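Asker: Based on these hints, arrange chain B on the given structure of chain R.
This is what each chain is made of:
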Amino acid sequence: MSLPAAATRFLFFTGKGGVGKTSLSCATGLALAEAGKRVLIVSTDPASNLDEVLGAALGPAPTPVPGVRGLFALNIDPEAAAAAYRERMVAPYRGVLPTAAVRSMEEQFSGACTVEIAAFDEFSKLLGDPATTADFEHIVFDTAPTGHTLRLLSLPTAWDSYIASSTGGASCLGPLAGLEAQKALYAATVHQLADAAQTTVILVSRPESAALREAERTRAELAALGIDNQCLAINGVFTAARADDAIAVAMARRGAEALARMPAALARLEHTTTPFLPRGTVGLDALRAMAHPEALPVPDGGMPHPHTALPEGLAAMVDALAQGGRGVIMTMGKGGVGKTTIAAAIALALAERGHAVTLSTTDPAAHVADTLAEAVPGLSVARIDPVQEVADYTREVLDKAGERLDAAGRALLEEDLRSPCTEEIAVFRAFARTVDAGRDGFVVLDTAPTGHTLLLLDAAEAYHREVMRTRGDMPEAVRDLLPRLRDAQFTRVLIVTLPEATPVHEAERLQADLARAGIVLFGWVVNQSVLASGTQDALLMQRGGYEIPFIRRVADVPGRRCAVVSWRATEPVGPAGLRPLAAT
Amino acid sequence: MKKLEVFDPAMCCPTGVCGVEVDPVLAQFAADLQWLGAHGVEVLRHNLGQAPQAFAANAAVLKEMEAGMERLPIVMVDGSIVATGVYPSRAQLAQKLGLALTAEAAPRLKAQGCCPPDSGCC
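So the protein sequences, as listed, match chains R and B. Taking full-length UniProt numbering, I'd label the letters of the first sequence as residues 1 to 584. Taking full-length UniProt numbering, I'd label the letters of the second sequence as residues 1 to 122.
Among the hints, erroneous ones may be present.
Just so you have them, the derived chain R footprint on chain B, three or more residues with Cβ under 8 Å [to be verified]:
1) 25-31
2) 46-52
3) 55-64
Calculated directly from the structure, the hints in this document are not laboratory data. Just so we're clear, the structure is a prediction, and the values are computed from it rather than from any experiment. Built from N, CA and C at the ideal position, the CB exists for glycine as well.
Same shape as in the complex, but just chain B:
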């Protein structure tokens, strides 16, 4: 079973609604992770504000954070970093995990590929 881990910046909630401005990318990303879970991927998501122990225990993540907080979010597949500073789209996630993306499963949100790490999460 493939394992996907996400290390989020400190924020209230995975959809970012608690921030001053809601970022649709965050809401879609949360839905994409659910989709991955339904397709047999083990998904783990860590929020710096709520689960700092996961960050402290991961040397690769610590190294990225020392280089700059804008490296968050960090996405790992089976222990290797596959993205920093952005929330990948569903298509990108599917490709990195070797999943086939059917037309029906493709989300309507166009991949923006970029979400500034401090763009609206409290």
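Looking at chain R on its own, in the form it has when it is part of the complex:
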């Protein structure tokens, strides 16, 4: 077992949410620094927890990590970058143009596109401009969740082909137009990423089918962008210490089976493994343990069984949800906490109580269809697929507006529909449409990872303002979206978390963000509790003991509705695998 090799100057860690990108990138950066290198760790994740893992207060400039010579880190906050960009564009015109004109410019720069692009702009400065990183021998990127990362990485290609094919003269980069001058920098960024002598992409995965599938998807998409210098890091490999503990045996077996079924192209990559660490990876000591697991004390079997009074199971929460008879149920949280599984278990339980239920997802990496493959009466499964939504939206626009246009007008319209904004708009409309369906029955949505979800809600807010201002006709579903999300009788938001430091802290931040957006929580679900599973395995009992303070922290807030779901020996896939989750 070892950390990934650091053969190149730039190292990128990517993978499904919760697989340990931040842990591995920090452990790798720490090991390099302790071997005498000067290292910069960078996060571009809107939901970054780099500060927590490294135990340092970080900002947009390289900050030394206390206690480690040569280790620096920085955190790019896309929201702050967007605000700075907006200000740079608008400020020169205050007092020059009428106030109303300045306000309309500001609104123009308030959308999700601007946030996405501003973050990429910051990222490009680090990668495409050698001067900013000249002081460092290694630059380690703890990149954002996969779907987001891919969008960031694939944008320059989209722009290149977009700008090259633009015949109308006026570019349709919209809020990005101010960045068009940066084209050379973006080209340098893509070039850098594809240079195997400079850049390694480390695909991080857990020994789980869904995470490995995601790694394969990323591998193929990056390879298509010409980024071939990839390796695989399998994190959290568990070995059962005894053969008579059903939970431990199942955990080890499920891991081994998932690895054995790994897609062939992924299996051909060079790979490293790091072990299951029962006490998490927050703090420098825990990160060192990741590099040197052999130094950890082996737990003996004689320890007392950890115990705490657990909150009730998911069944009581489903009963409470069922009382409304209809409406939208959203499961939110950091990637990898099991939002999809919990959403599917709730949808199944509601359908089996006789309700009409639609299970839907906005998560680009979702595997809803995989976890609920068999048909259940009253339950339908829908997916918001960005590619499909863009295709549908494009066709709808061309049908509606295009038929009244001549050939030149139609060509221009088609060209503008290829702009990066179109996906945002198309997905947003699909989201609004799905929420609207909650008027007639239950709609259970497993929303995208935290950062992207917030962008979506922010887009909702910007849209909301736009809608109030517009006289033109507007799909009613879009107009009603934000008021519906804020109506606690109509929309019930559940935060899903794991009984671990980072997921709990991120869930608390998410709750605060939702409160600011005027959205009240229905309840919390603590998922995959090893403590609740009743295992007797020494390593897993150690893990169970580690969970207690986090379960208490979530459950002991007065007036909060909370449920605990235990880690299960059978995989929560299909009706038979999902049913036990909400049975008690």
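Answerer: What follows is chain B alone, placed relative to chain R:
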């Protein structure tokens, strides 16, 4: 050479597809400007969201905007305002520029003569 300048309200793109609802008038107008360009007219188009300097530098445009943002879009021919608050049709543009409009060149979209300035451009 005749010069046509358009001062658009803040919007994503000249066809307006980035808005919540696409306005076919905007898409047709963009095509009409291309047609004018092909017939020897110098066409300049400024978007308030992307090229505010063009608005700030034009006293006549500033005066209109101070009177109300609904005056956008503003269309100028050789420095004189010929339309405010609407996107003129191809026939109207041709007439203001003294161009002959053949039957073949006439677009299929009937002139609506009016596009609310905030009707669907992000």
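Asker: Take the hints in turn and mark each one as holding or not.
Answerer: Evaluated hints:
{"no.": "1", "hint": "25-31", "verdict": "holds (count 4)"}
{"no.": "2", "hint": "46-52", "verdict": "holds (count 5)"}
{"no.": "3", "hint": "55-64", "verdict": "holds (count 3)"}
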